[in-house]
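J.: Numbering (mature numbering (1 follows the signal peptide of the UniProt record, and there is no 0)) for the sequence shown: -19 to -1, 1 to 631.
It is worth saying that the hints were derived from the structure and are not from the lab.
Wrong hints could be hidden among the right ones.
Each computed BS3-like pair below joins lysine-lysine, with the alpha-carbon atoms no more than 25 Å apart [claimed, not checked]:
hint	residue 1	residue 2
1	K105	K68
2	K68	K350
3	K67	K105
4	K410	K551
5	K350	K410
6	K67	K410
7	K22	K68
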Amino acid sequence: MRTLLFLAITITHLGTLRGQTLLDYLQADDVDSGLYDDPRKLPRNSCTRPCGRESRICYFRFTLEPYVSVGRACDNCSTNANDCNKKGCVVADGIERGILTINRRMPGPSIQVCAGDLIVVDVKNSMPGRSTTIHWHGMKMRDYKFMDGVPMVTQCPIVESTIFRYTFAADDPGLHFYHSHDGLQKVDGIVGGIMIRVPRADDANNNLYDFDLPSHIIVVQDWQHLVADAQLPGLRNDSTDQRPQTYLINGRGQYLTRNGMRLTTTPFSEFTVTQGNRYVFRIIAGTCFECQYVLTIENHDMVIIAADAGSIKPYRVDSITMSPGERYSFVVNCNRTVNSYWMQVRTVGYCNSTGAYQLAVLRYRGAGKTPTSPAPTYSVTASNRPGITMSPVNSVCNEESRVREGPCISDLRSAYNAPPVIRRAQSVKRIYWAFGFYVFEDDELYNTSDYKVFLVSPETDNAVGSTINGIVNVPAPSPLLSQYGEIPQDVLCPENGYDPNTWNVIHRECVHVMPVPAYEVIEIVIVDTLEFYRSALSHSIHLHGYDMYILEMGILQQGVPFNQSFPRLKQYLDSNNRPRIPVDVVTKDTFPLTAGGYVVTRIYSDNPGFWFFHCHFAYHLDTGMSGILQVGEVDTFPPPPAGFPRCGDF
C-alpha cells in the first residue's frame, strides 16, 4: 500500500514514472466491445486481463463534451445497422437529442482492472459553461480521500478547459461505476462502468461460472428526450414528467411504446454466449430518475453472486429489481436450445404508468441475431411466469412477502463474515437520516429576496424542498476536506439538529455536516417520512466511503402520522426484541428505501474524512436531499496534495 501511495503521488505531480510517460500505460476505450474477451489476444499493457499477483498502472484520458445522439457520425444508422458501429456514433434510442459524452461514447469507456492496480484518469472538461467532477461510485478511497469527486466536499469543480488528474488504487474488488457528480450531467450521459477483478482462485463463487467476460457488463440508463436541465425546477404544462420515457442498455435500444410499437429502428445491444457454459453478467443501475426497474431474461433464471461490490452466498431469482446506483453480479446457465433470447428492463411500481422499457438480446453462437419469439412489450414481459424477484418494489420485508414476492436485501448473506465488532456492539452511537419533503407556500418562494432551492413535483404540482432531517443541504463555498478552516461557520447547520418528530414539517438551508466519532460502531437508521406506502416513490440511498451492513428493512406503522410512528420505531430499536445480527450480514453502499419504510444499518467508522450521503434520484439530490458524514476530527485529516486546486468566494 505504501508503494502504491508513493506511485500515486509521483504520477499526480510529475506525470511520469521511471522516465516513461503515462502514455505507455494508456488503456483502450473499447474493452467491453468483445475484442478483449480472449485473453490470448490482449495488448501487452492491457489492464483488462486475467488477474494474477502483479499490479499495473492503468491510465485513462477522459474528454467530457456536449455531443448528439444519432448525429452525423452515425450516417444511415436507422436503416443500416453497420453504420451504428462507426466510430463516434452514439445510438441511444434512435431519437436525436443533445447529450454529454466521455470520449464521444455513452456510456463512457469501461474501466476493467485487477485489484492492486493503480488507476490514473485525466479528466478534461470541454463542456462550455459547465464545471464538473467524476465520482467513483462504490470505491472507498481510504488513502485517496481527495479523489472521491464531490464538488465542494472533496475538491473544487473542474472548470471549463482544465484537466484534473484522479489517481487512486484499485483497493476495492467488485463492480462499481463512475459518473459526474456536478449538476444533472449524469442524466445526460456522463456515466460508465468499473470492474475490479481478483485472481479467480480468490473469488468466493468461482465454482459457479465458466466465463467472466469484459463484454458482459451491462450499464442501464433511464432516458428522456429533453435535456435534464429542462426539468429543474420542473415544468407545469408540457413534458412535466421527471420519469423515464425509455431505457438504454449499454447506450442502445429503440424507442418503444407500451404495447410494443417501434418508433425507431436502431439496434438493440447484444450479448453473445456459447451453449453449455455458465457466464457472469454484471449489471449497473446508472439510472437517475425516481423509478426502479426490473430485469428479466427469456427462459433463463439468474443466480446472484454479488450485491454492489460484495460477494454473497448464491441466491437464485427469476428477476432483479434495481434502484439508481445499485449493482448486481449474477450467473446465467446457458443450457437452453441454441437461439437468441430477449432480455428486458422495465419500469415498475410507482412508475408503471409510464410504460417505459427496453430490450436487448442474449444470443447463443450459431443463432440468428433476432430472437424467434415475439418481442416482449411492457405488459407481456420477457418472463411471464411467476417467480422470485430480488428486492421487490416497496416490499414490507417480512416472511409473508419473502414467500409471495421474493427476498429483500437484508435477506441476502455475505460470502464473508462481518467483523465481530459489528455484531457484538451493544452500546452504539445511533444517528437518523429522515428523507422527506417540505411543501412551500407560494409566498415563501416568490414574495421574498431569499431564493430557496425547490423542485416542482409533477404528481402534486407542489413546490417542495428535498430534505434529510428537515434540512436542504447546500454546497459550501469551498471544499470541506481541503479548505475547512476558510468556510464561514454560519453556513454550517447547527450540530444538535432539530426535533426528530418534526423532520417532515420543518425547513432550513445550510451545509449539512453530521459529525460522528472515528473507529466506533455507528448505527445509521434511515427512514422515509411519507405517511403512506406501496404506491409512492422509493428513494435510493448511497453513502460514500463505506459499505453499510444491512441489518433490517421494513415499514413504519401505517395509518398513523410520522410523529407517532417514528417514536415507536425508536422504542423498538432500544428494546431487546431486535433479531440477532447474522454473522454473514450483507453489505451494500446503495439500496432502496421503501416508501414509508426504514432501513437499519451499521458501519465501523474506520475511514475518517468527509463522506457524502444522498438520495440517488438526480432531482432530489440537486435540490438538497443530501448531507456529509464527518468521520473523526478535522485536525486529524491529511493535508491536500501539493498544488491541489483551491476555490471560494471573492
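J.: State for each hint whether it applies.
T.: The hints, checked one at a time:
1. K105 / K68: Given pair K105, K68 holds - Cα atoms ~20 Å apart, limit 25 Å.
2. K68 / K350: holds, 22 Å
3. K67 / K105: holds, 24 Å
4. K410 / K551: The hint holds at about 13 Å.
5. K350 / K410: violated, 56 Å
6. K67 / K410: violated, 56 Å
7. K22 / K68: holds, 21 Å
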